[in-house]
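Asks: What follows is each chain in one-letter form.
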Amino acid sequence: MARANVARQVVGSPNFNTLNTRIAVIRFQKAPGEIHAARKITGLEFRVEAQGDVIQQGTSADGVIKMRVRGESSDLLLLFGGQVVARYEVSIALEELDETLLTHGLQQHLRALGYHIGHGGPAKDGVIDVPAEPTPPTPPPPPKPQENALDFERSVLDFQIDQSDDGQAIVPNGDPTGVTTARISREADI
Amino acid sequence: MSIKVRVRFKKKQIIVPVRFRRALESEPPALDLPDVDERGFAMGKRETTWGEADIQGAMVAVTTGQTVRVRVVTPDMEGEVNSDDVDAGFPPLFAVSTDPKVAEVVEPTGGGPLPGGIFRLKGVLDTRNRPVSIQIHLGSRDGPIVGELEPHIFNLMPLRCAVHRVEIKGVGPSDSSAQRVATMFEMANAIWRHAGISFSHTIRPNIIRIAEATTAGVVTEGRGQSLSGPNEVSPIVNRQPVPQHINVYLVGKIVVKGKDGQKDIEADGQTFDKTFRGSSINPGILVSETADGQALGHELGHFLSLTHSDRGDGDVEIRKDFWSRRRLMFSNRDDDKPRPAHHADLGYGLNKSGCMITVKHVTTDPNDDEVARARRRAKDPF
Numbered sequence: 001m002a003r004a005n006v007a008r009q010v011v012g013s014p015n016f017n018t019l020n021t022r023i024a025v026i027r028f029q030k031a032p033g034e035i036h037a038a039r040k041i042t043g044l045e046f047r048v049e050a051q052g053d054v055i056q057q058g059t060s061a062d063g064v065i066k067m068r069v070r071g072e073s074s075d076l077l078l079l080f081g082g083q084v085v086a087r088y089e090v091s092i093a094l095e096e097l098d099e100t101l102l103t104h105g106l107q108q109h110l111r112a113l114g115y116h117i118g119h120g121g122p123a124k125d126g127v128i129d130v131p132a133e134p135t136p137p138t139p140p141p142p143p144k145p146q147e148n149a150l151d152f153e154r155s156v157l158d159f160q161i162d163q164s165d166d167g168q169a170i171v172p173n174g175d176p177t178g179v180t181t182a183r184i185s186r187e188a189d190i
Numbered sequence: 191m192s193i194k195v196r197v198r199f200k201k202k203q204i205i206v207p208v209r210f211r212r213a214l215e216s217e218p219p220a221l222d223l224p225d226v227d228e229r230g231f232a233m234g235k236r237e238t239t240w241g242e243a244d245i246q247g248a249m250v251a252v253t254t255g256q257t258v259r260v261r262v263v264t265p266d267m268e269g270e271v272n273s274d275d276v277d278a279g280f281p282p283l284f285a286v287s288t289d290p291k292v293a294e295v296v297e298p299t300g301g302g303p304l305p306g307g308i309f310r311l312k313g314v315l316d317t318r319n320r321p322v323s324i325q326i327h328l329g330s331r332d333g334p335i336v337g338e339l340e341p342h343i344f345n346l347m348p349l350r351c352a353v354h355r356v357e358i359k360g361v362g363p364s365d366s367s368a369q370r371v372a373t374m375f376e377m378a379n380a381i382w383r384h385a386g387i388s389f390s391h392t393i394r395p396n397i398i399r400i401a402e403a404t405t406a407g408v409v410t411e412g413r414g415q416s417l418s419g420p421n422e423v424s425p426i427v428n429r430q431p432v433p434q435h436i437n438v439y440l441v442g443k444i445v446v447k448g449k450d451g452q453k454d455i456e457a458d459g460q461t462f463d464k465t466f467r468g469s470s471i472n473p474g475i476l477v478s479e480t481a482d483g484q485a486l487g488h489e490l491g492h493f494l495s496l497t498h499s500d501r502g503d504g505d506v507e508i509r510k511d512f513w514s515r516r517r518l519m520f521s522n523r524d525d526d527k528p529r530p531a532h533h534a535d536l537g538y539g540l541n542k543s544g545c546m547i548t549v550k551h552v553t554t555d556p557n558d559d560e561v562a563r564a565r566r567r568a569k570d571p572f
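Listed in order, the protein sequences are those of chains S and Z. Counting in the working numbering, the first sequence runs without a single skipped number right up to 190 at its last residue. Counting in the working numbering, the second sequence runs without a single skipped number right up to 572 at its last residue.
In short, the hints are calculated from the structure, not lab data. Ideal placement from N, C-alpha and C gives every residue a C-beta, glycine not left out. There could be a bad hint or two in this list.
Stated by the list, open to error - Okay, derived cross-link-like pairs now, DSS-like style, lysine-lysine, Cα gap no bigger than 27 angstroms in a straight line:
| id | chain 1 | residue 1 | chain 2 | residue 2 |
| --- | --- | --- | --- | --- |
| 1 | Z | 291 | Z | 569 |
| 2 | Z | 201 | S | 124 |
| 3 | Z | 453 | Z | 359 |
| 4 | Z | 569 | Z | 312 |
| 5 | S | 40 | Z | 443 |
| 6 | S | 66 | S | 124 |
| 7 | Z | 453 | Z | 542 |
| 8 | Z | 202 | S | 66 |
| 9 | S | 66 | S | 40 |
| 10 | Z | 194 | S | 124 |
| 11 | Z | 235 | Z | 291 |
| 12 | Z | 542 | Z | 443 |
| 13 | Z | 443 | S | 66 |
| 14 | Z | 464 | S | 40 |
| 15 | S | 40 | Z | 194 |
| 16 | Z | 447 | Z | 291 |
| 17 | Z | 447 | Z | 359 |
| 18 | Z | 453 | Z | 443 |
| 19 | Z | 202 | S | 124 |
| 20 | Z | 569 | Z | 464 |
| 21 | Z | 235 | Z | 312 |
| 22 | S | 66 | Z | 194 |
| 23 | S | 40 | Z | 202 |
| 24 | Z | 447 | Z | 464 |
| 25 | Z | 464 | Z | 443 |
| 26 | Z | 569 | Z | 235 |
| 27 | Z | 359 | Z | 443 |
| 28 | S | 124 | S | 40 |
| 29 | Z | 235 | Z | 201 |
Said to hold, decoys possible - What follows is a set of in silico ranges between Cβ atoms, one per label pair, in the way DEER data are often shown:
| id | chain 1 | residue 1 | chain 2 | residue 2 | range |
| --- | --- | --- | --- | --- | --- |
| 30 | S | 71 | Z | 522 | 50 to 58 angstroms |
| 31 | S | 37 | Z | 348 | 37 to 45 angstroms |
| 32 | Z | 393 | S | 164 | 45 to 53 angstroms |
| 33 | Z | 534 | S | 95 | 29 to 37 angstroms |
Chain Z on its own, in the form it takes in the complex:
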C-alpha cells in the first residue's frame, strides 16, 4: 500500500494528502450531488459579501436547507489500499465544520470516519461575511487538519418559466409532451440547485403557430436576424410572452448561421436575454427537439447572463482544457482540434456533457464567477 515518493537531489518534496471531489463522479447531476469547484487551490476573487478566509482549497455551493454529499479523496495517502477499506472509512478522516450555524456536517454522526470518503453537508444559513470551513481531520475530530473545503450557502431564488409549444409551417418538435418538459426541468434544477436557483414551469395551453418560414419546423437563426427569407424568431418570442416568466419555446430545429463563412450548425437552443438588442425581441429561450435537460440548463445559464466557458470576444475559442469542457457553459463546439481521449468522461458519465457551474472567480478567466453572476441576474432577470 506504500506510495512511491522520489525526492529530487537537493530539493524538497510537498505532499498534499487530501482533495475534494463531487461525491459520485460519472453520475448525472442530482440535487444532492453538487460540483465541487476544485480548480486549483487559490481561491480567486471572492464576492465582497462572502468574507475572507485563509482557506486554500476547494469551494462548494449549497442551498439553504439542502443536504448534499461531498467526497474526500486521498490519492497521495491511501496508495493501493483495498477499496473495501476505503468504503469502510480508511484512512480515518473526520469532517468538522468551523461554524455549524452556517454549514453543518450531518453525516456521518460525529463527522467520521467517512465511508467511501463521503460526508453529508447541510446548508444552514445564508449570511454575509461569515466565512466557514469544513476541516478534514486525521484520526479524530481533534486530529491534525489535513484539508479544508470552503462552502458557500445561498437562499433559494425561485424563477418561473412559461413553456410554449411552437409549430412552424405546421411542424413542431417531435416530442413536446409534458413528460419530456418535466424531465428536462428536473435535470436543469439538479444542475442549478446548488447555486441557490430553482425553476418551476407551466406549459401554456395554446400552440404558437408560425406561418411564414423558410423551412417547416425550422428556426433559421442568425442572432435574431433571418438567414434568408422570413425571420422566425421575432414572431415566436414576441407573440405571447408571459410577463415575469422565463419564456421557453419548444421548436423543431434551430439552425444557427456559421461565423465567417463556416457552415451553419444545428443548435440545441438559442437564448435572448434581457440585454439582447434592446427591445425588438422579447427575452426568451428557444429549445430544439434535440435538447435535453443539460441543454436547457445551459440556455438558462445564458438567460442568467453566463457566457461560454471556452469563448472570448467575437465568439473566438480561447480555451480547450478539461475544466472548460466540464462546465455547463461549454459551447460544445471544437473549432479546429478534436478533443483528447481523456476528455470523454468529464465526470457525469461517458460522453456526457459537463454541468459544472463555477463558484470560484479565477480572475484570468473572463467567463468565470458563474454562481455569483447568475445570482445577480436572477434578482432582475426580465
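Here chain S stands alone, though its shape is the one from the complex:
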C-alpha cells in the first residue's frame, strides 16, 4: 500500500492528523440504469491515484470498482496493457441527490444512472443549475439558453424510452416534463 503524505506533529502538539478516506462505488456498464448482467463491463484494468501515489489497482470482475477517495478526490484510471485510456477525477458530494427533480435534481439523477448530460456546470460533471435559495414568491425569470441543452434533452428521452415512459422530454424553455419522478428516484437509488 502506498504511503499518504501526512505532516509530522511536534511532540505534545494538541493538533492531530486525520486522513479521510471514503469508498465510492463506480459501475461501468454498456447501458445506463438498472443492474443487468448484459450491461456489465467486465475485465476492466484500473488504478487509483491520490496526491500522486498509487493507492489501489486491480481488474474489475463484474464492472464494479469500489475505489478509495482520499481527501477531496482521487483519480480513477482505466488501463489497457499498462497504457492509460481514461482518467476520472472522482469526488464524493456530501449532499444527497436533489429529490425536487427540478432541472438540477434531474440532471444529478441522470448523471448517476450513467446517462450522458455533457460536462458543463460548476463541477464540470454536466449538472448545470445550482439549487435556488429559498426566496419569497416572485415572478419567474425569463428562460435563458441552457448549456448542454441537447445532451440533457437526449438523456431525458433515453431514460423515458428505457423506462417505457411516454412523455416528451423538453418544452421550449428547456424544462423537462413528463418524467415519472418516482421512477427516476427509484432507479437512482442503486
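Add chain Z to chain S, keeping to what the hints say.
Replies: Positioned in the frame of chain S, the structure of chain Z alone reads:
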C-alpha cells in the same frame, strides 16, 4: 484530460463509456451514412423474424452488400483529449462482429483502432432469427467489451416511380427539369437505402394539363376534396397513372386546408397511399415546386404507410422533442410553441430537416417501427 465524476453521498455512480452515432453528424444524407437508432438503450419490440438478443444499445439498418460508416463516441471516456488523438484512434477501440457472415466490419483492418471513432460495416446476409452484434472492445480485439451495436441487414426492395409534370391552367412548377428530379431522387435514395428500399424513376413524356382549377398552378387540396371550386386532385392522379409504379406528380403549389379554422398552409407534398378513400383516387404523390429530396423522401414514407412522427389521431400534435423532429416523418409544423434553439441542428446541417427512419420499435410511440412498417408495405405498395 480527466473527467469529473461527483458521486452523491451513499449512492453509486454508473459510467457508460461508449455510444454510437451517425458517422458524420451535420452532413446531409448519403448512401454510406445511415442514421443510428440510438434512442434509449432499451431495444423495444423487435420484429418476430429479427431474433432476440441481450444487446442493450443502438440499432442500425444496412442493405445487403452495402458498406456504411458508423461512429463510436466516448464522451464519458476521452474527456478533453486532443482531437488529433481522437482522429488517430484514441481511446483504442476495436469493432468486432459476432457473426461476420451476417454483418462484417471491413475497416479498419483488424477492427481497430478506430480513426475518429469510425468503422465501416458491411451488410452481408438478410436472414431470419440470427441476431448479430458489433462489439466494441477496449484495447484490442480481445479486450473488455464496452459497447454493443445491433445491426439489421435487409435485402434491397426496388420500387419504380413514374414522374409526371403537371400544368394547372397552363402553369406548372418553376423547375420540372430532369436534373431537379434526379437530384431529388438521389437524396430520397440516400435516406431510404438503409431500410433496404430503393426508388428508380422515369419521367413521363406527356404533360398532364388541368383546365379547371381555382388558381393557376395551384392544387387546393383538402384531403382529396376541393376547398372551393373545382377539385384538381382527382383529375391529376386519375388521368395517366402508370401501373405498378409510384406515380409522382410535379405541380406548382399545394395549398392544404387548415384544420379547425386554422389558416391554410402551403405544403411541399401530399400523398394518397393505397388505403386512402377506397378507389376514387389512385394512389400517388403530389410534389410542389418548393420540395427537395427530403420532402420527396417524406412523401415516399407516407406512400409506404408511415405516419407523422409528432402526430396522433386526428392530426393532433403529441410530441415535440428532439427525436420527433429528427425523423424523416416529422410534420414540419409547430402548432403552438416555437422550437428551442438546440433543435436548430438535428444532425444534418444547421436548419436542415431530419431524415431518420427508425429501426427500433418503441412501443409507447404510435408512429414508430418505421423500417419494418415501410418494408411490409413495400411488398405490396399499390
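Asks: For every hint, state whether the structure bears it out.
Replies: Hint check:
1. Z/291 / Z/569: holds (25 angstroms)
2. Z/201 / S/124: OK: residue 201 of chain Z and residue 124 of chain S at ~19 angstroms, within 27 angstroms.
3. Z/453 / Z/359: This hinted pair holds, its Cα atoms lying about 24 angstroms apart.
4. Z/569 / Z/312: Holds: residue 569 of chain Z and residue 312 of chain Z sit about 24 angstroms apart, inside 27 angstroms.
5. S/40 / Z/443: violated (55 angstroms)
6. S/66 / S/124: With Cα atoms ~22 angstroms apart, residue 66 of chain S and residue 124 of chain S stay inside 27 angstroms; holds.
7. Z/453 / Z/542: holds (25 angstroms)
8. Z/202 / S/66: This hinted pair holds, its Cα atoms lying about 10 angstroms apart.
9. S/66 / S/40: holds (15 angstroms)
10. Z/194 / S/124: holds (6 angstroms)
11. Z/235 / Z/291: holds (24 angstroms)
12. Z/542 / Z/443: holds (21 angstroms)
13. Z/443 / S/66: violated (65 angstroms)
14. Z/464 / S/40: violated (47 angstroms)
15. S/40 / Z/194: At roughly 21 angstroms apart (the allowed maximum being 27 angstroms), residue 194 of chain Z and residue 40 of chain S satisfy the hint.
16. Z/447 / Z/291: Violated, at roughly 51 angstroms.
17. Z/447 / Z/359: holds (21 angstroms)
18. Z/453 / Z/443: holds (16 angstroms)
19. Z/202 / S/124: holds (18 angstroms)
20. Z/569 / Z/464: holds (13 angstroms)
21. Z/235 / Z/312: holds (24 angstroms)
22. S/66 / Z/194: holds (17 angstroms)
23. S/40 / Z/202: holds (14 angstroms)
24. Z/447 / Z/464: holds (21 angstroms)
25. Z/464 / Z/443: Status holds; Cα separation ~23 angstroms.
26. Z/569 / Z/235: Judged against 27 angstroms, a Cα distance of about 21 angstroms means the pair holds.
27. Z/359 / Z/443: Distance of about 13 angstroms is within 27 angstroms: holds.
28. S/124 / S/40: Satisfied, since the Cα-Cα distance of roughly 26 angstroms is no more than 27 angstroms.
29. Z/235 / Z/201: violated (32 angstroms)
30. S/71 / Z/522: 50 to 58 angstroms: holds (55 angstroms)
31. S/37 / Z/348: 37 to 45 angstroms: For residue 37 of chain S and residue 348 of chain Z the Cβ distance comes to about 42 angstroms; the hint holds.
32. Z/393 / S/164: 45 to 53 angstroms: Between residue 393 of chain Z and residue 164 of chain S, where Cβ atoms are some 47 angstroms apart, the hint holds.
33. Z/534 / S/95: 29 to 37 angstroms: Check passed, 35 angstroms falls within 29 to 37 angstroms.
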